[in-house]
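Protein chains in written order, with the numbering used here: chain L, 1 to 110; chain D, 1 to 153.
Note that these hints are calculated values from the structure, not bench results. Think of the CB as a built atom: it goes at the ideal place given N, C-alpha and C, for glycine as much as any other residue.
Straight-line alpha carbon distances no greater than 20 Å define the calculated SDA-like cross-link-like pairs of lysine to any residue that follow:
hint : chain 1 : residue 1 : chain 2 : residue 2
1    : L       : Lys93     : D       : Arg41
2    : L       : Lys93     : D       : Leu117
3    : L       : Lys83     : D       : Glu39
Rough simulated footprint, nothing fancy, chain D against chain L, three-plus residues with beta-carbon under 8 Å:
hint : region
4    : 17-30
5    : 52-58
To give an idea of the chain L side of the interface with chain D (calculated C-beta under 10 Å), a few residues:
hint : residue
6    : Lys83
7    : Thr84
8    : Glu87
9    : Val88
10   : Leu91
11   : Ser92
12   : Lys93
13   : Leu94
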Amino acid sequence: MQIAARHLDKITIFDISGDIDLATSPQLRKALLRELRELKMPRVVLNLGAVRYIDSSGVASLVEGLKASRDVGSRFILFGLNKTIREVLQLSKLVRIFEIYENEEQSVAP
Amino acid sequence: MSRGSLLLKIELRSNPEMLCVVRNALGELAAKLGFSEPECRAVVLAVDEALTNIIRHAYLGDPEQSIEASFRRIHVLRDGKSEDALEILLEDSGATASPEKMCGRALEDVRPGGLGLHFIRKSMDTVEFSHSNGRNQLRLVKILHGQTTQKGS
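Bound-form chain D, shown alone (with noise of 0.2 Å):
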């Protein structure tokens, strides 16, 4: 496996049914990538929370359209150090969320809904947007944390 190439890129449609695919493959690649299981699991709810917000927002439910995700290996410098990582990439063509719309809301008010965006920046160490030629693009980095470089890897 090089290093900094790119480790799988789906095509999917924005069906809620398709969750649960993307779900699985992504669990088995950070397990693969050598995530711990929490680390596992937080990778798989970021993504799957940042899909269902396209579906739901971005797409307003029409379960026809197209959704790109790509995943690769990096690296990224944190305090002088680089460290391997795992960059995610989402990209769609539906309606772009508003400034305000992606603060998320304070989990001190109980009612359903709004807690996605919140899980997403809990779950990764990088969340980023951007917006061009009429592309949605959400960036996800989780750092390999506990990577140490053996000889022979």
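With the rest of the complex left out, here is chain L (with noise of 0.2 Å):
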């Protein structure tokens, strides 16, 4: 898995390609974390444009970072869900407590 920030404005997009596995998911796990409980940002978006496979830890890291974005008030939106990620995610159940957009654009509108 390769994770790249990008700050635009308030907002703060990752770039993530590849596998979110349990060998990965602790990279972005931390890299979330500290995004929104250091930084406090008031916006963290995701792009998954790029990820190819993700398990029950990736999902579990992305449940952190949205429990982390309420508790400082941010919002944590995902975006560039391909079908592999739509598929765990509706098999979790959790896909609808998401914030999910089709693209960037939508994603850091005000």
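Dock the two chains into a complex; use the hints.
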């Protein structure tokens, strides 16, 4: 998994690629919690367009990010979900709890 | 390829870095057997989650332990009909999970963790845990839906 952060005003955008699994989800979790809990960014956006695979540990990292965002009053947004990620989120019945958009433009809109 | 024969056997370390290797191999194998793309993804997810559970719960994160994974094409009887299926056996020598830990959790409870077993059960047709001679065994079966017997196949 590769993760790169961009900043757009008060928004952090993470461009994530590759596989999010037991080996890589701790890296994602750490990056999300730093941005939300330590830096208290008002909006954190995850570009998942290049993610090939996600497992339950990856979903757990997203849930932790969502919970941290609620704790600090930030928005936590996902976009670019491919079929694989949508299937896993639907299987977890968690797809409805996330704020999900089709593209970056919608995700960073005021 | 003979029916009921061993297709693939892997002995891997309980290292999370190995999971992508198994996923790639299994994805190719499932596609070659004729599973649809969503079925391939389901089988890969189930096995990945099962291996993750072994690494985390049976071996408590020790990356130097051994896991055996074997893959067979089998026939199963369903509604009086014989159907082709992929059988996956995962074996380890780690701690045995207690039955209450194998129940998963209510999905309404929004919190990290506890989804792996739910994913496995939703993805596979058969999920059986057993323990004998100090070894844990997980048997997973995925029926090859839409399989038709054709002349020359």
